[in-house]
Amino acid sequence: MASPLSAGFCELVFQSTDTPENVQPVLQVLSVKKINAPAASGTDRYRIILSDGEYFIQSMLATQLNNFVDDGSLAKNAVIKLTSFVTNAVQGRKLVIILGLENQSWTGDKIGNPANLEQSAAANPPAAAAAAPPPPAAAARAGAKAGPPGRTASKPGKDMGPLYPIEGLSPYQNKWTIKARVTQKSEIKHWSNQRGEGKLFSVTLMDETGEIRATGFNEAVDNFYELLQEGKVFFISRARINIAKKQFSNVNNEYEIMFENQSEIEPCDDETVPQVKYNFTPIGELGNLQKDELCDVIGIVKEVHELGSVTSKATQKPFAKRDIQLVDQSGQAVRLTLWGKQAENFEHNDEPVIAFKGVKVGDFGGRSLSMFSSATMMVEPQIGEAYALRGWYDANGRSTNFQSYTNSSATKGDSSVAKPSELKTIGQAKDEQLGMGDKADYFSTEATIAFIKQESFSYPACANPDGCNKKVLDNGDGWLCEKCQKSWPNPIHRYILSLNVMDYAGSFWITAFNEVAEQILGATANELMAFKNGQDVEFNRVIQKATGQTYTFQMMAKQDQYNDQIRVRYQVRKAASPDYAAESAHLAQLINQMST
DNA sequence: CCCCCCCC
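Each residue of the first sequence is one higher than the last, beginning at 1 in the UniProt record's numbering.
No lab work stands behind these hints: they were computed from the structure. Please read these numbers as outputs of a predicted model, since none were measured by experiment. Take the hints with a grain of salt, since some may be wrong.
[As the list claims (entries may be wrong)] Below, computed lysine-lysine pairings styled on DSSO-like, alpha-carbon distance capped at 30 Å:
hint, residue 1, residue 2
1, Lys185, Lys317
2, Lys245, Lys430
3, Lys110, Lys76
4, Lys483, Lys430
5, Lys34, Lys232
[As the list claims (entries may be wrong)] DEER-style ranges, computed between Cβ atoms:
hint, residue 1, residue 2, range
6, Gly506, Gln561, 32 to 42 Å
7, Glu230, Ser577, 43 to 53 Å
8, Trp106, Gln64, 36 to 46 Å
Just so it is clear, CB atoms sit at the ideal spot from N, CA and C, and this is done for glycine as well.
With the hints as extra help, turn the sequences into a complete structure.
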């Protein structure tokens, strides 16, 4: 049987400096391997070995095509047609980056006995320079329709090196050009610290293969800040590529670009470079996201609040701040906070549609949103979601009574119960070092009481009915409160209860103060104190009844110093019965997401 | 070489 594969394709790739054009080769998958370094977003990346029946060659799957792996159509022995791809050279090795493919419904085994082209080439180097056009035979066999390769980006008289896909950039290459759209541009930021001072800006660049952040310092600000316009496409070359510090950005790339004095940036008229892609979360579904997660949101700006200012607790610096309210078809409203210049310059009081990319989810008052430095906003974007939203708002939306996250607790049940998606295991709380920072961290965990400390579970507090609650001392003449300067015949005991709680994988000690401890034990500290002093049976009954109970705990983690040791203290702020129905629904939803 | 993303 004749091979269905495009014999000669691997040789064609190997011998061409640029991506062969007008070729849609049919190739067989020899292996699919998940790479150890996933993209910054956590997206998996796959390396795929492709065979043309004679040779095989390495390829990478553009992450937006991962669904072909997930649904099983890109598996060992599958035969695919590459409908779109680019090639590049990494340290002399050729790599195909797959941008589009069609499965060819092949059900057979491995075709032919393909050899490693790199090894063959090393043993038998081609006589012609790599820049030579491919042999006609190879091109023809690979299915080339017409035309020379030739995709070197150049302007008159200046060679800028081969055109690279963003996904193919790495610190090991220095001669490259990308053609990319600026999807985000920061303000110019000035800094000053012990290492010096200066100014900088950054942009997010995007092409059909991926995105990358680029930063320019000092002179590069003067040279390029005005030139690089948000939304425009540019040729960019002769810049440095560094390892990205991913903790500071949500841009999906291992690397980032640093503009230098000799960097070349040229505007480009080609509008085929893709626009920003959004993955909108409806406002009504923000509750399904974790606090601090980044998301895309589109909404009608229903309210614009006054410009305000806050002083950062961390830096003591003032920040301009403005809240706006967004609504959408879900009937839900959410507050979004703008900062700095974006807050000062926001003047859209005519209920526009705005699309936000990369805004941070907060949990203040249920759910809130905050602009992140790398977040972008597009007023009246020319996209389907915006037209739909506008149509709905003009027809019905304007007269809708929107549910607000901030006062949703009265209508949406007990807000003290954490949403299933927000729960952390005890192990996660420790792994994430919650409470180890300067500020307290808040989280919710579902855990079972394993042990209740029975010594010193309470302290004698001031009996003043105004709720002084300060510790009092028995001076033989009554219990003296130093704050109230009053003596009481008896104190009121208040709990400081230590509980050891555990979930399936871990445990920790937590502290419950009076109200929560009363709820957990079903007795006041005064009652328990009385039991302890007389009827041990009752005391044990209270303790045993509470032990083994499972709660959703709202926790605060905060570090303090104790005997010169820094330690994290976990305090229970609220305890509630777990909402097993909601948790099951959440799990079912996660399962559905996996299988679609 | 920044890297803070804040407040209530």
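Confirm or reject the claim that Trp106 and Gln64 have a C-beta distance inside 36 to 46 Å.
At 23 Å between Cβs, range violated.
Need the status of pair Lys483, Lys430: alpha-carbon distance at most 30 Å?
Given pair Lys483, Lys430 is violated - Cα atoms ~38 Å apart, limit 30 Å.
If you check the beta carbons of Gly506 and Gln561, does the distance land in 32 to 42 Å?
At 24 Å between Cβs, range violated.
Is Lys34 within 30 Å of Lys232, Cα to Cα?
34 Å, violated
For the pair supplied as a hint, Lys110 and Lys76, confirm whether the alpha-carbon distance does not exceed 30 Å.
9 Å, holds
Pairwise beta carbon distance, Glu230 to Ser577, judged against the given window 43 to 53 Å
Cβ of Glu230 to Cβ of Ser577: about 49 Å, so the range 43 to 53 Å holds.
Just to be careful, I want the Cα atoms of Lys185 and Lys317 compared with a cutoff of 30 Å; is the pair within it?
23 Å, holds
Compare the distance between the alpha carbons of Lys245 and Lys430 with 30 Å, and conclude whether the hinted pair is satisfied.
With a Cα-Cα distance of about 23 Å, the restraint between Lys245 and Lys430 holds, given a limit of 30 Å.
Violated hints, listed in ascending order, are 4, 5, 6, 8; each of the other numbered hints is respected by the structure.
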